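Engineer: Sequence:
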Amino acid sequence: MVPVRDEFGQYTGATANQADPNCAPADQRNSYVAGANNNPYGMLVGSTCYFDFGDTRSYREPTDTTSLFVNATWDVSDDLTLKFQAFNSRLYQVAYTSTSNPGNSRIGELGGLRGELPGNPFLATNSAGEQLYGVDTNGDGVPDRGSQDLNNDGLMDYIVSGTTPNGVLLHEDVKARTLRPINKTHITSDGHTVDGDNISDGTDHNRRLMLQADFAVPFLDGWEGMAAYAQSSQRLRYMSNQNFDIEAMKQGVQCDVVNDRDACYNPFFVVDEADNNSIHVMNAVAARSKEMEETWLDTIDIVLNGEVPLGGFELPGGAIGAAVGYQRRNDKYTNTPSVHEIRGDTWIGSPIPENITSGSREVDAYFMELAIPVLSNVEIEAAVRREDFSTGQESTDPKFGVTWAATDWLNLRATTGDAFIAPTIDQLLDPVSCALSTVTDRFSSFSAFTTACSGGNPDLENERSTSKQLGFDLAFGEFDLSVTWNETDFENRIVGITGQQVMNADFEAFKVWSGFTGSGVGAGNQPSMEQLEAWLASGLSNPDIIRDESDLGTILQVTSPGSVNAQSVKVTAYDIQGNYTFGFQDWGDFRINLQATYIDEFLYQDDEDSPVLDGVGQTNLLTGTAPALPELKANLSLGWVMGNHAVTGIVHYVDEVEWDGTNYTPIIQRFANTNPNPSIVGGKIRAWTDFDLAYTYRGINLFGGEMGISVGSRNLFDREAQRTPDFAGVMGEMQDPMGRSYYARLVYDF
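All residue numbers for the sequence shown refer to the numbering used here, where the first residue is -16 and numbers rise by one.
Rather than coming from a laboratory, the hints here were simulated on the basis of the structure. A hint or two may mislead.
What the hints assert, rightly or not - Calculated lysine-lysine pairs in the DSBU-like style (CA-CA distance at most 35 Å, straight line):
(1) LYS382 to LYS66
(2) LYS273 to LYS451
(3) LYS315 to LYS553
(4) LYS667 to LYS553
(5) LYS158 to LYS273
(6) LYS667 to LYS451
(7) LYS616 to LYS382
(8) LYS616 to LYS667
(9) LYS315 to LYS233
(10) LYS451 to LYS494
(11) LYS158 to LYS66
(12) LYS158 to LYS315
(13) LYS382 to LYS451
(14) LYS382 to LYS158
What the hints assert, rightly or not - For each label pair, taking beta carbons as the anchor points, the in silico distance ranges come out as:
(15) LEU133 to THR31: 27 to 37 Å
(16) PHE686 to GLY566: 57 to 67 Å
(17) SER50 to ASN618: 17 to 27 Å
(18) ALA17 to GLU377: 32 to 42 Å
(19) HIS628 to PHE710: 38 to 48 Å
Values in this document were obtained by computation on a predicted structure and should not be read as measured data. Just so you know, even glycine gets a beta-carbon here, dropped at the ideal spot from N, CA and C.
Kindly generate the complete structure, drawing on both the sequences and the hints.
Structural biologist: Take a look at the structure:
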């Protein structure tokens, strides 16, 4: 915000919103070049200066994975076998992110940016556009200030000598409305590449240890038992590189320009390297520090199974089989925020310091299963499981099923049962952390990235479900087919909630309060700024949506609870699996396999005030309760084996869906080398088919062991994913954005 002056160079009390004068006009924008510092001065469209976002980002970041697996078995006796397994994996990933993300929820704390700050490009002029000059009595190069603050910016106003050049050029004290802490004209911090990428790396370390004893149960003839102890852990440690340090920024803009110029922070575009920031200022503002999340799970399992001793009594179908067991789980987690989050110094984040959070709980579980052969061709399965959590949750869940072998080639199946899922500890306790998300405002034209914060939700309730299945199995020699109907009715389904859902819910509440009937999509269907002001003044609007006080149409931050309980979710689907195997003279054996899922209904209700919707055939981009749901997904594979040779080909099919996301085409098309697909708005993500092929040769004897070699290709025919008007550019969960890829694998057993 730049103060407005009259013809005499005096403040009028008004302000004007202006972009950095050195922001490059849109028609000067260059196409992207790999490894280059592309478009360092941004792109001016109207009064907004746009910055590149992820211009050299990979859709899939490079990773380095190392895994170690150990398995040992010791047959101590006929009645006792001991087993040991150990697994250790380490995944290291490097991400090349944007120079700095947008995020302005704390911009008001930055205060005024003084005219004498190195690099300030806002020249002071009168209403006629004539340059104003000041007074420098002591000759220190800094214009003198008087004793008045007529524009109420917290700084005493410069003394204006007039428009006659005297060498004391005046620049305006301005306030930032939106700001990227680091831009591509700045000296690169130690964590930035020469082309402006902000590097983040992370390590995901997983371990698992298991000891198991299989034994004959004493005193129960024919019964077998298993006792096992397992310990697993995960440590995720990564560079938190998009927080930035607001305290370092505040200190830098309040620097002593005369005596400590190297400590100054110039947030503007740099056109004179003499005005650039020092490396220590850039490192301080970049605020790069590690954060970590660790989880541990210790499990004890005891399972006994065998035939129920009924004194020789058996049902017509045979003896009753049973399994009983006990499980003890000890679940722990620790979340360690970055040092800047702990201090509450994050520019993109909350001013409330985050704490190191940790939690633990113990779970005792008991179960029993019965297989009751009522007749030689009819069996009833009955099971019950009881879980008690030290944090107060508990559940007893039964399950029943029946199988009828109607003929030698036909089995009929039916099951029903309940299930229970308690929220994880991190879903309950995680501290609030902030990142980036896209939102579209129903009150204004804002449709862009903003700061999105979320954390644990201590109000989460347990998720419960009741499921039913009906199915049949056919078997005719080398051919078999299974079809299963599934219906699962969820209550309090634990789902993620997006910032867009928070925004949409606030708009719906406004409509109920005001009687407004517009959809909020497009200027003609949006309320006026006066109506928005009245809504904010009512005290009924969502305080987790932070708007720019000087421009209510700009969203600075949206905070969500992370996970919530959806009102209801009900899924009805059919699963199909078929196999056909045959030999062909001396040409080996062939196998055809079909796996398919047909979703009949996916009924969901986000909350009690929302309607019940069917998500089938939709991308469901505006809700976190339902994923993209093609009606049909299928894999058809053909396998061939002859001796040591094997070939497998798989055809993947994903049905079409209606695209129901936000149209970001008007923004995306302003940038070079972008190719959104505006025709998809009101249209579909087309059906997708691709083909994978692999060849394997086994049986190479080497150094006392055996080696196998595999080569293959995914998306062999190089199908290209359909472009979408999203910032990601494709629907990666439905279509392969990577194109054709090749791989080779070597396996050595010893």
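Engineer: Now tell me, hint by hint, if it's right for this structure.
Structural biologist: These are the hints, each one checked on the structure:
1. With a C-alpha separation of about 31 Å, the suggested pair LYS382 and LYS66 falls inside the 35 Å cut-off, and the hint holds.
2. Our distance criterion of 35 Å between C-alpha atoms is broken by LYS273 and LYS451, whose separation comes to about 46 Å.
3. For a cut-off of 35 Å, the pair hint linking LYS315 to LYS553 stands: about 32 Å separates their Cα positions.
4. For the hint linking LYS667 to LYS553, the alpha-carbon distance of about 24 Å falls within 35 Å, and the restraint holds.
5. Of the pairs offered as hints, the one joining LYS158 and LYS273 holds, with about 32 Å between alpha carbons and a cut-off of 35 Å not exceeded.
6. Between the alpha carbons of LYS667 and LYS451 the distance comes to roughly 32 Å, so the proposed pair stays at or under 35 Å and holds.
7. Between the alpha carbons of LYS616 and LYS382 the distance comes to roughly 28 Å, so the proposed pair stays at or under 35 Å and holds.
8. This hinted pair checks out: LYS616 and LYS667 have alpha carbons roughly 16 Å apart, not beyond 35 Å.
9. Of the supplied pair hints, the one linking LYS315 and LYS233 is violated, its CA atoms being roughly 39 Å apart against a limit of 35 Å.
10. Under the criterion of a C-alpha separation no larger than 35 Å, the hint pairing LYS451 with LYS494 is inconsistent with the structure, at around 39 Å.
11. Note on LYS158 and LYS66: the hinted pairing is violated, with a Cα-Cα distance of about 68 Å set against a maximum of 35 Å.
12. A threshold of 35 Å between alpha carbons decides the hint, and for LYS158 with LYS315 the separation of about 46 Å lies outside it, so the pair is violated.
13. Restraint check for LYS382 and LYS451: the C-alpha separation of about 10 Å stays at or below 35 Å, so the hint holds.
14. Annotation: proposed proximity of LYS382 to LYS158 is violated, straight-line Cα distance about 64 Å (limit 35 Å).
15. Our hint of 27 to 37 Å for LEU133 and THR31 holds, since their Cβ atoms are close to 28 Å apart.
16. Separated by about 34 Å at the C-beta atoms, PHE686 and GLY566 break the suggested range of 57 to 67 Å.
17. Distance hint for SER50 and ASN618: a CB-CB separation of about 26 Å, consistent with the stated range 17 to 27 Å.
18. Checking the proposed 32 to 42 Å range against ALA17 and GLU377 shows it is violated: the Cβ atoms sit about 57 Å from each other.
19. For the pair HIS628 and PHE710, the supplied restraint of 38 to 48 Å holds, since their beta-carbon distance comes to about 45 Å.
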